[in-house]
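A.B. asks: Sequence order for the protein chains is A and B. Those letters in the first sequence? Residues 1 to 116, per my numbering, in order. Those letters in the second sequence? Residues 1 to 113, per my numbering, in order.
Worth flagging that the hints you see were computed from the coordinates, not collected in a lab. Incorrect hints may have been included.
Using 27 angstroms as the maximum straight-line C-alpha spacing, the simulated BS3-like pairs for lysine-lysine come out as follows [unchecked claim]: (1) B:Lys14 / A:Lys38; (2) B:Lys9 / B:Lys83; (3) A:Lys111 / B:Lys9; (4) A:Lys70 / A:Lys38; (5) B:Lys70 / A:Lys3; (6) B:Lys9 / B:Lys70; (7) A:Lys38 / B:Lys57; (8) B:Lys70 / B:Lys57; (9) A:Lys108 / B:Lys9; (10) A:Lys16 / A:Lys38; (11) A:Lys3 / A:Lys108; (12) A:Lys3 / A:Lys38; (13) B:Lys83 / A:Lys108; (14) B:Lys71 / B:Lys9; (15) A:Lys108 / A:Lys70; (16) A:Lys108 / B:Lys57; (17) A:Lys3 / A:Lys111; (18) B:Lys71 / B:Lys57; (19) B:Lys14 / B:Lys71; (20) A:Lys108 / A:Lys16; (21) B:Lys14 / B:Lys83.
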Amino acid sequence: AQKVTQAQTEISVVEKEDVTLDCVYETRDTTYYLFWYKQPPSGELVFLIRRNSFDEQNEISGRYSWNFQKSTSSFNFTITASQVVDSAVYFCALPFSGAGSYQLTFGKGTKLSVIP
Amino acid sequence: DGGITQSPKYLFRKEGQNVTLSCEQNLNHDAMYWYRQDPGQGLRLIYYSQIVNDFQKGDIAEGYSVSREKKESFPLTVTSAQKNPTAFYLCASSSSGRYNEQFFGPGTRLTVL
């Protein structure tokens with residue numbers, strides 16, 4: 001069965017600190033993608049990244065980086081030099097198994113608070 | 001500007017009333033979705049549609065109904081059969097294909113009085 005676990009319910013950091021959000025997943029698929037979304041206080045989910053299971057290289061986009069490790073079924077997200085605007089709920093997601101299914105399984109999210 | 005619109009932003013309903021949440025997209029996406037979000041619960045799928053005139057139940061479809069008569073529109077009706085409808089409702093859309101990212105609307109916060 002598909003499962004996404006985000007064990008950190010809430011994290012607080014002081015501005016400019018680095019922070020890592022954990023995501024552990026379970027899937028029976030041999031090929032899959034993983035997603036991260038950001039939900040700021042306004043409520044709308046914003047797509048951050050999609051990652052193919054074939055590609056285990058770290059991805060960096062500005063202050064954001066993602067570490068995908070297939071051996072531990074983890075897809076962790078690091079924010080470097082955090083800013084107050086990074087305060088949001090972050091979700092990791094995994095597509096359902098089975099061809100033709102477009103559904104996503106979401107983790108329960110990690111609420112990040114960046115304190116000035 | 002392409003995107004997804006949801007209306008209204010806030011909705012209040014009396015117990016026993018049906019209410020319809022609107023979702024419109026101009027991204028030319030085939031697939032559309034409705035999610036419910038409760039505090040600490042993440043997102044749970046209510047219904048989804050991969051093509052016009054077709055839709056499937058998600059994990060928590062009981063007490064909800066949808067229609068997909070046009071590609072751009074996927075309204076959600078919360079019926080009186082839904083026991084605890086107070087929640088934040090998010091609509092999303094995506095291109096066809098399992099691995100395409102979903103784009104989300106701004107959400108509707110429904111409160112039952």
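A.B. asks: A separate judgement is required for each hint: does it hold in the structure or not?
C.D. replies: Going through the hints against the structure:
Taking the CA atoms of Lys14 (chain B) and Lys38 (chain A), the gap is near 32 angstroms; set against the 27 angstroms cutoff, the hint is violated. Under the criterion of a C-alpha separation no larger than 27 angstroms, the hint pairing Lys9 (chain B) with Lys83 (chain B) is consistent with the structure, at around 21 angstroms. At most 27 angstroms may separate the alpha-carbon atoms for a hinted pair to count; Lys111 (chain A) and Lys9 (chain B) meet this at roughly 22 angstroms. Note on Lys70 (chain A) and Lys38 (chain A): the hinted pairing holds, with a Cα-Cα distance of about 23 angstroms set against a maximum of 27 angstroms.
The suggested pairing of Lys70 (chain B) with Lys3 (chain A) is violated, with an alpha-carbon distance near 33 angstroms, which exceeds 27 angstroms. For the hint pairing Lys9 (chain B) with Lys70 (chain B), the CA-to-CA distance comes to about 22 angstroms; that is within 27 angstroms, so the pair holds. Proximity of Lys38 (chain A) to Lys57 (chain B) is assessed by CA-CA distance (about 25 angstroms); at most 27 angstroms being required, the pair is judged to hold. Note on Lys70 (chain B) and Lys57 (chain B): the hinted pairing holds, with a Cα-Cα distance of about 18 angstroms set against a maximum of 27 angstroms.
At most 27 angstroms may separate the alpha-carbon atoms for a hinted pair to count; Lys108 (chain A) and Lys9 (chain B) meet this at roughly 23 angstroms. This hinted pair checks out: Lys16 (chain A) and Lys38 (chain A) have alpha carbons roughly 19 angstroms apart, not beyond 27 angstroms. Proposed proximity of Lys3 (chain A) and Lys108 (chain A) is supported: the alpha carbons are some 11 angstroms apart, at most 27 angstroms. Distance restraint check for Lys3 (chain A) and Lys38 (chain A): the Cα-Cα separation of roughly 19 angstroms lies within the 27 angstroms cut-off, and the hinted pair is therefore satisfied.
Between Lys83 (chain B) and Lys108 (chain A), the direct Cα distance comes to roughly 22 angstroms. Compliance with the 27 angstroms bound is thereby established for this hinted pair. For the hint linking Lys71 (chain B) to Lys9 (chain B), the alpha-carbon distance of about 22 angstroms falls within 27 angstroms, and the restraint holds. At most 27 angstroms may separate the alpha-carbon atoms for a hinted pair to count; Lys108 (chain A) and Lys70 (chain A) meet this at roughly 21 angstroms. For a cut-off of 27 angstroms, the pair hint linking Lys108 (chain A) to Lys57 (chain B) stands: about 21 angstroms separates their Cα positions.
Of the pairs offered as hints, the one joining Lys3 (chain A) and Lys111 (chain A) holds, with about 19 angstroms between alpha carbons and a cut-off of 27 angstroms not exceeded. For the suggested pair Lys71 (chain B) and Lys57 (chain B), the alpha carbons sit about 18 angstroms apart, so the restraint of at most 27 angstroms is met. Among the hinted pairs, Lys14 (chain B) with Lys71 (chain B) is inconsistent with the structure: their alpha-carbon atoms are about 31 angstroms apart, more than 27 angstroms. Proximity of Lys108 (chain A) to Lys16 (chain A) is assessed by CA-CA distance (about 26 angstroms); at most 27 angstroms being required, the pair is judged to hold.
A threshold of 27 angstroms between alpha carbons decides the hint, and for Lys14 (chain B) with Lys83 (chain B) the separation of about 12 angstroms falls inside it, so the pair holds.
Checked against the numbered hints listed earlier, the structure breaks hints 1, 5, 19; every other hint is satisfied.
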